[in-house]
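Please model the complete structure; the sequences and the hints are all you need to start from.
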Amino acid sequence: MKKLHFFFFAFSLFSSHFIIAQNETTIEKEILELHKPTKVVHDSISKLMKEVDLKIETEKDSLKRNQLTLRLDTLWNALDQNGINELKLDFDFARKHPNSPKALHLIRISVGRFVGMNFYDTFVDIFQNFTPEIKNSDEGKEMTEKLKYFKQSKVGSNAPSFSLKDIDNKTISLSDYKGKKYILIDFWASWCAPCREELPYVKELYKKYKQQGLEIISITKDEKSDLWKNAIAKEKIESWKHISILENQSTIDKDYFVNGIPHKVLIDRNGMIIGKWKGSGENNKQNLQQLLKSIFEAE
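Those letters in the sequence shown? Residues -21 to -1, 1 to 278, per mature numbering (1 follows the signal peptide of the UniProt record, and there is no 0), in order.
If you are wondering where the hints come from, they were derived from the structure by calculation, not from laboratory data.
Note that the structure is a prediction, hence the values are computed from the model and not measured.
Glycine included, each C-beta is placed from N, C-alpha and C at the ideal position.
Do not take every clue at face value.
As the list claims (entries may be wrong) - With a Cα cut of at most 25 Å, we get these calculated DSS-like pairs of lysine-lysine:
no.: 1; residue 1: 120; residue 2: 130
no.: 2; residue 1: 15; residue 2: 29
no.: 3; residue 1: 182; residue 2: 200
no.: 4; residue 1: 75; residue 2: 8
no.: 5; residue 1: 127; residue 2: 157
no.: 6; residue 1: 75; residue 2: 144
no.: 7; residue 1: 120; residue 2: 133
no.: 8; residue 1: 26; residue 2: 43
no.: 9; residue 1: 264; residue 2: 29
As the list claims (entries may be wrong) - Across the chosen pairs, the derived CB separations fall in these ranges:
no.: 10; residue 1: 77; residue 2: 226; range: 40 to 46 Å
no.: 11; residue 1: 22; residue 2: 185; range: 35 to 41 Å
no.: 12; residue 1: 277; residue 2: 150; range: 29 to 35 Å
no.: 13; residue 1: 149; residue 2: 53; range: 41 to 47 Å
no.: 14; residue 1: 92; residue 2: 234; range: 17 to 23 Å
no.: 15; residue 1: 266; residue 2: 212; range: 27 to 33 Å
Right, dumping it as structure tokens:
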């Protein structure tokens, strides 16, 4: 009789795992179908971007080159919007599949990306809708941690404090600026081409607003100090503060939920995050510029 009970238990366990695996395979197919329309748009825009990139490389006329660059920015914006549209589809799908590991994975991979930057409340709402088993899984625990860092680094939150040594071995603390200055934190690296392409623009902002209370703190993800220091000298950006994550053995990038660079954070005089920009592009530049203008030219 005991052997019979064991057989039924083992068979039941096997059947349960088989059904779960079967369900997840079905869900995986549903996700592929769900993403078909946005994948078509993504592939189409990506193809156009490659074509424009090639034209920019060979175009010698500066006016036409600028026009092509603007066209490329427009395509980037369209690609970003397509990504946001896909994320909204993923949100709806995850809501309908609260007991699926693949549904959790679907939203977890977007939580730190540009497309998910303005959807903290939605991520929390959907994650809470998952079953306890899913939330307590390894990926569920990882999602819980990500949401913690997302919350503390989003617009409207008090900026995570830090006290780190700069390039001159002087201690830079966020609290030193409270009540005095606006801080633009720029996460970058010498090897990051988009980061360096933005530096002339950042220099212009600093030149324009430093006397009115803007401080810039560049925080590098470089792993080689000589490359970092050489880039600072070459780009002529010694006039503001520079900090190395590696040399400080810091987790500041994790504290500010930085998953890619360039990544900029604007902190007001009260220590609150009032702006956050992931990635590069004209939209981000214009948005940051308009925010600084509204702050300093209104004072």
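Consistency of the hints with the structure:
1. Of the pairs offered as hints, the one joining residue 120 and residue 130 holds, with about 15 Å between alpha carbons and a cut-off of 25 Å not exceeded.
2. At most 25 Å may separate the alpha-carbon atoms for a hinted pair to count; residue 15 and residue 29 meet this at roughly 21 Å.
3. Using a Cα cut-off of 25 Å, the hinted pair residue 182 and residue 200 holds, with the two alpha carbons roughly 20 Å apart.
4. Using a Cα cut-off of 25 Å, the hinted pair residue 75 and residue 8 holds, with the two alpha carbons roughly 15 Å apart.
5. Restraint check for residue 127 and residue 157: satisfied, since their Cα atoms lie roughly 24 Å apart, inside the 25 Å limit.
6. A distance of roughly 48 Å separates the Cα atoms of residue 75 and residue 144; the hinted pair therefore is violated under the 25 Å criterion.
7. Of the pairs offered as hints, the one joining residue 120 and residue 133 holds, with about 20 Å between alpha carbons and a cut-off of 25 Å not exceeded.
8. For the proposed pair residue 26 and residue 43, the alpha carbon gap of about 20 Å is at most 25 Å, so the pair holds.
9. In summary, the hint linking residue 264 to residue 29 is supported, as the alpha carbons are separated by about 22 Å, within the 25 Å threshold.
10. For residue 77 and residue 226, the Cβ-Cβ distance of about 44 Å falls inside the hinted range of 40 to 46 Å, so the restraint holds.
11. Under the hint 35 to 41 Å, the C-beta atoms of residue 22 and residue 185, about 39 Å apart, fit the expected range.
12. The hinted range of 29 to 35 Å is satisfied by residue 277 and residue 150, whose Cβ atoms lie roughly 33 Å apart.
13. Between residue 149 and residue 53 the C-beta distance comes to about 43 Å, which sits within the given range of 41 to 47 Å.
14. The beta-carbon spacing between residue 92 and residue 234, approximately 18 Å, falls within the hinted interval of 17 to 23 Å.
15. Between residue 266 and residue 212 the CB atoms are about 30 Å apart, so this pair conforms to the stated range of 27 to 33 Å.
Violated hint: 6 only; the structure is consistent with all others.
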